[in-house]
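With these hints in hand, go ahead and build the complete structure from the sequences.
Respectively, the protein sequence lines represent chains A and B. Numbering follows the working numbering, in which position 14 of the first sequence is assigned residue number 546; successive positions increment by one, without gaps. Numbering follows the working numbering, in which position 85 of the second sequence is assigned residue number 114; successive positions increment by one, without gaps.
Since the hints were derived computationally from the structure, they do not count as laboratory data. Don't be surprised by glycine CBs; every beta carbon is placed ideally from N, CA and C. Don't take each hint at face value.
If the Cβ cut is set under 8 Å, some of the chain B residues that face chain A in the computed set are [unchecked claim]:
hint, residue
1, Ser31
2, Glu189
3, Ala424
4, Leu431
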Amino acid sequence: MSDVINFRLDMTREELKTEQEVSGDIDEFSIENIKPITSLPGEPLEEARFVEPVTALVGATVLYLAKRMIDHWFKEKEQGVMMDLREVPPLISRIAGIPMGFLVIIDKDGQATTHKVDYDKGDDEALKSMMSILNLALGQ
Amino acid sequence: MSNNFEYLNGAINISAPLPDILQEKGLDAFYENPNNAKWGDVLCRVLYHESIHFWQFLASGYIANLISEEWKRLDHFEQMNEIIPKSDFLKNFSQRPEDIPFSPYELTECWARYWDVHTRSPARIIQEEGIEIGEAKTYNNRLAGNYSWIEYDTIMQQGEDSHLYAQPYRWLLEKASGNSYLIALLFPVITHASFGSPDPVSVFTSCFERATEEDIIKEIMEHRSGNINFDWINSWTFAWDKIVLPTLEEKNLPGFTSGFDVIQRGTLGTHPIYREYLEKAQVLWKFVKLANMFDTSGEDQNDISDYSMDEIENHAIKEMAANNPWIIFALPGQPHYRNLLGHYLSPPIISFKNITYSTNKATSMWESKDKMDETHETFESKANELEIRIRRFRAAEKAQSLGLPLNAFE
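Encoded structure:
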């Protein structure tokens, strides 16, 4: 089995529930130390949305993470994904207000790069592309 | 999919489907009876809650001014391809400095929750959200057989995402020494007045501090009828004259400024959707005056003892609206006023899980019981055009915050 990487994942409580249901008991993905995010919204004129944001410590293989992103996170959600490598462990956020269809990676020096996620190209090609982006980012 | 209200175009997203029956009848039926089991468990709270945010904007000069600033920033971005930094006025909306107990943002959320919890029933929400309430706390103070103050206070402090709205309510409970009735009675009028001022949190806290003076509490508690809908109407003038006006005067603040005032006088007059609501409001004003005229036409021939309490209450509700239409916005949970807002000033566009519902640009004076009329022009095309502009603006704003070129997400 590939190496498991550890990161913090910010998402909604509903998304957390889905991730727990989908992953079941497999070794490729684990979630622990779940806590509510209780800060006020950073953007003025942002409405509460009736969602409960949470943060959790996650362990996952790059393959599993890439598959979840391609199969679900980018397809079904209203927002894109942000990966902030300045944080220890790295932060992956599904609630950072990134426009839909984009992955933003902020490197250790604070430099942001965007990746348009072409999940419509076909799952294999999209998955390979995502694996390569994640490996490159996490291998820094 | 989350539920939310987009301040810049009035669009609402709802994570639940719109039932067939409401697709046929239109949303008047929902606003008439939001708790109807036929609509399912989600709509009552979330559609009503998000609609309240829209009505808050129409009633509040403070909120309308915030939106007006955002509208200017969007316009500047489109004209000049640059993002103007947010002003302190905008930033302060969601900030809670040490010298104030909560932010204006928290107060708007508390304001919307106040009504959606009241309408859905806190007893029901406690069940739905699986909130535990201590056995010893459930015994007393039952309100008209529906729910107790204990249940209401519990939800207002412990419900889901309570970190966004509970602080103002906790502050109120502390100031009122746990007198939940005082809070329930005065919250609508004081919040409405506060958001008609340029400094809502300061006006809100000062008004409530004034409301806890002994003579005011005494007057209020003496007139408690057991029917909160009636008490809201009955206490309005007293609360406005003895609590709100002296507070505004003490702070040297102007009287009430509504969202309509801001739309009429400022940049939002160029907004393709909001400017249409000025005309819609005029139809509402005409209706409430007409309804009151019909209601009072036979008054002098009868003695008050000829009327039932329900008739007297209904009369008071219509008369208050005719004399002071702002009470309709201040009490969006009062059933008759909720009907009026839902019919005359329904939000421009609502995206449900299964369908997009768009309001007619023109408003008819009389309620329609028929199927949604598809011959009238709706807000749909304007809302969709605006949605694209807002997404582009927000994406550019996000790109700038990340140190990326403004077109990074295009």
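These are the hints, each one checked on the structure:
Annotation: interface hint on Ser31/B holds; nearest CB of chain A at approximately 4 Å, less than 8 Å. Given hint, Glu189/B at the interface with chain A, holds; its Cβ is 5 Å from that chain's nearest Cβ, closer than 8 Å. With its C-beta approaching chain A no nearer than about 4 Å, Ala424/B sits inside the 8 Å limit, and its interface hint holds. A cut of 8 Å between beta carbons decides the hint on Leu431/B: the least distance to chain A is about 4 Å, and the hint holds.
Violated hints for the displayed structure: none, as all numbered hints are satisfied.
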